[in-house]
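The lines below spell out each chain.
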Amino acid sequence: MRLFLEKTLEWIVIALMTALAGVVIAGVLFRKLGAPLVWYDEVAPILLAWLTYYAACLAALNRAHIGFSKLVDSLPARARMAVTAVREVCVIGFFALAAWAGWRVLQVLEGEALVSLEWFPAALARSVIPVSAVVFILAEGVAYVEWLAKQEEHDA
Amino acid sequence: MSLALMLVALFALIAIDVPIAVALGLVAVAAMTMTWGAHTLPNVGLTLFDSSTNFTLIAIPLFILAGAIMNTSGISRRLLALVSSLVGFVRGGLAMVTIGSSMLLAEISGSAVAGVAALGSILIPAMQKRGYPTPFAAAVTSSASTLAVVIPPSLPMILYAVMAGTSVVELFVAGIVPGLIGGLMLMGCAYALARKRGYPVEGAFEWRKVVVAFREAIWALLLPVIVLGGIFSGWVTATEGAGLAVAASLLIGAFAYRELDWPSLKRAMITGGVQTAVVMLLVTTSALLGDYLTQLQAPQMFAAKLLAWTTNKWAILALLNLFFLLIGMFLHSAAAIILVVPIVMPLVHQAGIDPVHFGLVVTLNLGVGQQTPPVASVLVTACSVAKADIWEVTKANGWFIAVLTFVLLLMTYVPALPMSLVDYFYR
Numbered sequence: 001m002r003l004f005l006e007k008t009l010e011w012i013v014i015a016l017m018t019a020l021a022g023v024v025i026a027g028v029l030f031r032k033l034g035a036p037l038v039w040y041d042e043v044a045p046i047l048l049a050w051l052t053y054y055a056a057c058l059a060a061l062n063r064a065h066i067g068f069s070k071l072v073d074s075l076p077a078r079a080r081m082a083v084t085a086v087r088e089v090c091v092i093g094f095f096a097l098a099a100w101a102g103w104r105v106l107q108v109l110e111g112e113a114l115v116s117l118e119w120f121p122a123a124l125a126r127s128v129i130p131v132s133a134v135v136f137i138l139a140e141g142v143a144y145v146e147w148l149a150k151q152e153e154h155d156a
Numbered sequence: 157m158s159l160a161l162m163l164v165a166l167f168a169l170i171a172i173d174v175p176i177a178v179a180l181g182l183v184a185v186a187a188m189t190m191t192w193g194a195h196t197l198p199n200v201g202l203t204l205f206d207s208s209t210n211f212t213l214i215a216i217p218l219f220i221l222a223g224a225i226m227n228t229s230g231i232s233r234r235l236l237a238l239v240s241s242l243v244g245f246v247r248g249g250l251a252m253v254t255i256g257s258s259m260l261l262a263e264i265s266g267s268a269v270a271g272v273a274a275l276g277s278i279l280i281p282a283m284q285k286r287g288y289p290t291p292f293a294a295a296v297t298s299s300a301s302t303l304a305v306v307i308p309p310s311l312p313m314i315l316y317a318v319m320a321g322t323s324v325v326e327l328f329v330a331g332i333v334p335g336l337i338g339g340l341m342l343m344g345c346a347y348a349l350a351r352k353r354g355y356p357v358e359g360a361f362e363w364r365k366v367v368v369a370f371r372e373a374i375w376a377l378l379l380p381v382i383v384l385g386g387i388f389s390g391w392v393t394a395t396e397g398a399g400l401a402v403a404a405s406l407l408i409g410a411f412a413y414r415e416l417d418w419p420s421l422k423r424a425m426i427t428g429g430v431q432t433a434v435v436m437l438l439v440t441t442s443a444l445l446g447d448y449l450t451q452l453q454a455p456q457m458f459a460a461k462l463l464a465w466t467t468n469k470w471a472i473l474a475l476l477n478l479f480f481l482l483i484g485m486f487l488h489s490a491a492a493i494i495l496v497v498p499i500v501m502p503l504v505h506q507a508g509i510d511p512v513h514f515g516l517v518v519t520l521n522l523g524v525g526q527q528t529p530p531v532a533s534v535l536v537t538a539c540s541v542a543k544a545d546i547w548e549v550t551k552a553n554g555w556f557i558a559v560l561t562f563v564l565l566l567m568t569y570v571p572a573l574p575m576s577l578v579d580y581f582y583r
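Taken in sequence, the protein lines are chains A and B. Numbering of the first sequence is given in my numbering, commencing with residue 1 and proceeding in unit increments. Numbering of the second sequence is given in my numbering, commencing with residue 157 and proceeding in unit increments.
Source of the hints: derived by calculation from the structure; they are not laboratory data. The beta carbon of each residue, even a glycine, is placed where N, CA and C say it ideally should be. Errors might be hidden in some of the hints.
[Stated by the list, open to error] Here's a subset of chain A near chain B, in silico, CB distances under 7 Å, partners left out:
| hint | residue |
| --- | --- |
| 1 | VAL24 |
| 2 | ALA44 |
| 3 | LEU48 |
| 4 | ALA49 |
| 5 | ALA64 |
| 6 | ARG87 |
| 7 | GLY102 |
| 8 | ARG126 |
Next up, chain B with everything else stripped away, as it sits in the complex (with noise of 0.2 Å):
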């Protein structure tokens, strides 16, 4: 079966609304069947099989669990206390602490889509309530959410390091200083957008107010303290790190704060087990197609088409971060990591880009596909708790999406920023 022939099935699939998962199963299944014969298809009960089991995913619903139980606990809400009274002074105070807040949950769940969730329905009604733009309140939560996909932990660095196979921790590393700019310039310009539009501040600063709330979010900051420290000391491995977050969690959840209960937690484990299965789903049907690919070496192929058109490494980076924020409008950013990744990584390491820069700049790209319609999880989640036009709020995101893709090319093409503290502690 050829290679257009499978895309135009897969596509085909894909428009009539057939899951994106079984798309990619039932294209797998019918070019085994009419390359290899009928006699092959038990193959397929052992490769959903193999593929569903591979130990470094494990921390992506352990990361989710620990993200939802952090929203039912009353650890996001004092986390978005002390950054109220950090910033919340500055013109468009809410706003800013919109953008703080999603930088600290980020560095906890790792889940852009469970920050824009937990942080909007309590930021986005705020800030209407103080004469904000609906659209611009729910493009500001929306952008600032997508920070969680650089800022570590984070669930697509884990997908990109399982399907191009390079470390999570160096992931990780990678994503603190573009997370931090990221953040920064956001602020920056929700700052310059306020004082033009003549948004409102939240009251003076008072030491006084910041002292009680950090007393209170203590125990809050001890998570990514733990998490994260443990990491990146290489006391536990991600995955460990993960279930370190979900016992750190439920701890702090349940006996400092005393405000998980049982029904928010069941609801906790069912919303995390669904959002992992719809990830992972995307994983194994996807190494059926992956295992065809490779047997039939489409990926070399692809690389040395490419590199007989080029082989300087910069317009490489340039033409894939053309593809992924092509893809990112159309496919959700999982299952653009799974289908493209393993089929673009002999190109990158032929190219000579080391395969964690690479990896920063796919998760950063797709970043930014979360938030450019028609397929963008991250914004739609913001428009449904705003109750906003998807549209409208698009019309609004466009300078804080301006904004992203500057980072992403500033990342892109200056890979001593994020490539720095990886270089310093582990090579």
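Here chain A stands alone, though its shape is the one from the complex (with noise of 0.2 Å):
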């Protein structure tokens, strides 16, 4: 699950950040030749928020997101297994309620585009808050059971 999941998170990024300095490369040179991209303002915006939330997943499956667990690592063995429990129900309810907020979002968006893509349908820029949301709950129960068999084995 971990491969699959981390590959394809990887492979995602990998995409995003090249769409994303080959479209400000681009820009630049097409302002530069005196024909700016009319979309270049609108999509390399979205192509950041894509690359936020779907990197923001790989760093949560790699436990990377900057937090202080100084304090709970010098915790007994049973209070740290009970406050990392509680620390988990507090991540994936706030990435649960983000889910179903950004889904709330696109039944409203329904039908309407970009205003510079006309073709490009605006739910569908939008979509990357519910669907990383998702994959972001799916990436730290990942993590958080490979923290658990760690800390079995770090004990035994």
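The task is to assemble the complex, starting from two chains supplied on their own in separate frames and drawing on the hints.
This is the structure:
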């Protein structure tokens, strides 16, 4: 499960990084050549949003989000387990809410398109919130199971 | 929901290791629900998306990517060799090389953590081999890398500019003099310590070596000229300058030096993407809290309370400096900027403090915070590269932290130093 999730997210991040750099470089070139790309200002920020949320899932899988683990690490084993379970409920709860809220937004936007690319559905651009929130929950779950296994190994 | 209760909830969540980004989002959601009811919750989906589509912030992943390409394509190594040929002959030569190279690399990548990882992996083992104590080697690398937060392009400055609604380019220009002064003072400190402790020199100065290293590094030296020249002259915006940095480092790494390979580039993109996401998730969830606090007019209330106590802008700067130094010990610099800057900006404006000057003070201040445990991202990276104990390194870092703090005070109370160039070119 981890390998599949990790590899898939890595390729998504690579594709989005390439696309973002490519769009910005093309934006500069075309502007300097006197033929600015009309969709550049709208598409580049959407790519940043996608990169943000899909790479955030990868960061969750590798427990790389900024936090303060010193206090929890210093707790005895049982307390550490209990506190970390509460932590997981908080993280998963927040992203479950984000998935629901993001889904509600997609329902409202049905039938609308981007301003500069009229064939591109606005809901597709914003789908990153509910979709990545579900993936984030999955990644968090995998990382938590691995953490539990490591703790048991450590205690044994 | 009262502000005090929100603060307690936030710190309680952070204490149980909930990622700070999630803690911010949870507190905001709880506050929104308790104040306005559950029908406002779909707004969470809107705010999370809209706050992640800020055009200026695109510069962050691109500068991170440029830095990673630079580290994997031989660009950093050539710049390091050039600095080594220039200052290696001085007493404590490798420490000088570390500081000089950090200043040069900071002109391309803007990330202190990237700098410490790139330079530390080469220079810390080199210093260990030449008899420098490991804590000193890690400390000088860590403090020197922090210069990246003020030397343009700087990622914390981009974040500050977005949060404070000020000019990225003016902030970059304001960072030039403090970066140079900071670097020279760190070199002075390293030299004094090296003389006292008898650290070695790295051979005599030879013009021949300098010419050879310069020829090798000429393409690498073009990078900051293209990127910063483009941004400062107004030819491109900061975001487009970041795009140029990626394009130029790719071309130089692949065609001039021919050291860039697909596995390294792939790794660089993944690392860059994750580093971006970690900062950007903070930006988006803090926007939830920011919306709530703005509705409550909390920043204005904070400003009024502090201004009732003192209206002296120097006293206010001292208080804000103390506050940022304190939170810099417990928060990552990005988190501190995102959390605190929007709240203190009304105060900064009302006290008559130039927001660009304040931005420089904040980023320099949080640079010091990157050196002070328990939360000290740059110091921790240096310790991990050196395999050294964090407290031993902190002790060895004392003099360098003192130098950085002195530079901070100098830049706070002599605003002409950072602001003269800004005033001359842009106002």
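Against the structure, the hints:
1. Interface hint at VAL24 of chain A: satisfied, since its Cβ lies 3 Å from the closest Cβ of chain B, which is below the 7 Å cut-off.
2. Satisfaction of the interface hint for ALA44 of chain A is found here, the shortest Cβ-Cβ separation to chain B being roughly 6 Å, below the 7 Å cut-off.
3. Given the 7 Å rule on beta carbons, the hint for LEU48 of chain A holds: about 5 Å separates it from the nearest Cβ of chain B.
4. Proximity of ALA49 of chain A to chain B holds as hinted, the smallest CB-CB distance being about 4 Å (cut-off 7 Å).
5. Interface hint at ALA64 of chain A: satisfied, since its Cβ lies 6 Å from the closest Cβ of chain B, which is below the 7 Å cut-off.
6. The interface hint given for ARG87 of chain A is met, as the beta carbon of that residue sits about 5 Å from the closest beta carbon of chain B, less than 7 Å.
7. A distance limit of 7 Å between C-beta atoms decides the matter here; for GLY102 of chain A the minimum to chain B is near 4 Å, and the interface restraint holds.
8. Below 7 Å, beta-carbon pairs count as interface contacts, and ARG126 of chain A has one with chain B at about 5 Å; its hint therefore holds.
Of the numbered hints stated above, none is contradicted by the structure.
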